[in-house]
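*Asks:* Sequence:
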Amino acid sequence: MRFEEELAFLENHGDIVRLKTAAGGEVVVSPQYQGRVMTSAVSPGADSLGWINRKFIEAGEIATSFDNYGGEDRFWLGPEGGQFSIFFSSGQPFIFDAWRVPSTLQEGAWDILEQGESTVLLGRKVEFSNYSNSQFTLEVRRRISLLGATQLETLYNVQSSPDLDWIAFESDNTITNVGAQPWRQATGLLSIWILGMFMPRADTQVIIPYETKGIGPIVNDRYFGVVPSERLKVAEAQSVLLFKCDGQYRSKIGLSPTRAKSVAGSYSESARLLTVVHFDRGSSDARYVNSLWEHQSDPFNGDIINSFNDGPVQPGQPSQGGFYELETSSPAGALEPGEKLRHRHRTFHFVGDQEALNSVALASLGVSLDTLSKI
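Using the numbering used here, you'd call the opening residue of the sequence shown number 1 and step up by one each time.
If you are wondering where the hints come from, they were derived from the structure by calculation, not from laboratory data. We treat Cβ as the ideally placed atom computed from N, Cα and C, and that holds for glycine. Mixed in with the good hints, there may be bad ones.
Across the chosen pairs, the derived CB separations fall in these ranges [unchecked claim]:
id : residue 1 : residue 2 : range
1  : His13     : Asp298    : 41 to 47 Å
2  : Glu139    : Asn12     : 30 to 36 Å
3  : Ser239    : Thr154    : 21 to 27 Å
4  : Asp280    : His13     : 29 to 35 Å
5  : Pro312    : Ile112    : 35 to 41 Å
6  : Ile375    : Glu117    : 27 to 33 Å
7  : Gly179    : Gln92     : 21 to 27 Å
8  : Ala63     : Gln317    : 33 to 39 Å
9  : Ser319    : Ala22     : 34 to 40 Å
No more than 27 Å apart at the CA atoms, straight line, and that leaves these computed lysine-lysine pairs for BS3-like [to be verified]:
id : residue 1 : residue 2
10 : Lys233    : Lys261
11 : Lys233    : Lys374
12 : Lys261    : Lys213
13 : Lys213    : Lys233
Sequences and hints are given; from them, build the entire structure.
*Replies:* Structure below.
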């Protein structure tokens, strides 16, 4: 769908913030929908790049188990599963029917604290308890900013090309413990979890490079059942994972801190679209919350990068809308009162001919797009 159509739809359903580049690219932020980046475009008249759940927005529902508005960069907190989960109430089984997004993460508009032509700062105070009945009170700050050619060159040594249209933005996310008690592993910790929802195509593949010298399994696919081999491939020669994301088969993968690099991406040849996500990692000894839907023997041995492909929850049941996600997480935050945790997540979209896209893929993901069909 064209960007202008999605823009008109969002404007008809609430206030938005538009961040525009000099070249005509644009990023749309919704304070109403918890400060999400709803969508973006590389140029006027181009495709809308974020997935927007029009059906849910038009229905005007709130306070569901998942107020799924869509958006290509949304703020959540982890862990999702386990004895310190914030998505399951104490004593509930770890099944889909008992899963529920904390209300403070999906209901109510966020405050605009600052706004400029290329950046907006939003914030909110949130409170909730986890599965083990530990209480959390925190302030969230979330700055969305456009990125330019300088950041592209700094991260990947890639220069702008006349053969490419592109848009890039960063969410700089900070949480502060404003409660009276410190956060401790014994009672549960939180992490910043950023999730990007994108429109799948039949040929969309998520591409995640991995560390060959990492410890343990290369990929974790135990979230919602083992992913079939035709949907998840480990390309050892290229040191990348290929995960089919067509919005037709509910599945999820993750990479541990020893296996993950600071980047992941996706590619659709039919759309001539390469998306790259880059994030700031924690220290080498950082621990990450475990989000598996089970009681865990090690709740701080979780993944740092995830990708989710939507599909029917059960045979014959509907999906959650038909999208795929690229997700990154901060380390678990053992915060004293007044202490902060920060996580920066960057999204780059490139549209152009395959040769130009291939140069970006090699520089950012370390793999040639020409080889994907042969893996």
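*Asks:* Each hint: holds or not?
*Replies:* Taking the hints in turn, this is what the structure says about them:
In this structure the hint that histidine 13 and aspartate 298 lie 41 to 47 Å apart at CB holds, the actual value being about 43 Å. Checked against the given bound of 30 to 36 Å, the beta carbons of glutamate 139 and asparagine 12, roughly 32 Å apart, stay inside it. Evaluation of the 21 to 27 Å hint for serine 239 and threonine 154 yields a pass: the beta carbon distance comes to about 23 Å. A hinted range of 29 to 35 Å for the beta carbons of aspartate 280 and histidine 13 is consistent with their spacing of about 33 Å.
Take proline 312 and isoleucine 112: their Cβ atoms lie about 38 Å apart, and the range 35 to 41 Å holds. Roughly 42 Å separates the CB atoms of isoleucine 375 and glutamate 117, a value that falls outside the hinted 27 to 33 Å. With their beta carbons about 24 Å apart, glycine 179 and glutamine 92 fall inside the hinted range of 21 to 27 Å. Between alanine 63 and glutamine 317 the CB atoms are about 21 Å apart, so this pair departs from the stated range of 33 to 39 Å.
Range check, serine 319 to alanine 22: about 39 Å between beta-carbon atoms, so the 34 to 40 Å window is met. Restraint check: the Cα-Cα separation between lysine 233 and lysine 261 comes to about 18 Å, which is no more than 27 Å; the hinted pair holds. Between lysine 233 and lysine 374 the CA atoms are separated by roughly 11 Å; this keeps the pair inside 27 Å, and the hint holds. Simply put, lysine 261 and lysine 213 have alpha-carbon atoms about 12 Å apart, close enough for the 27 Å limit, and the pair holds.
The straight-line distance between the Cα atoms of lysine 213 and lysine 233 is roughly 18 Å, inside the 27 Å bound, and the hint therefore holds.
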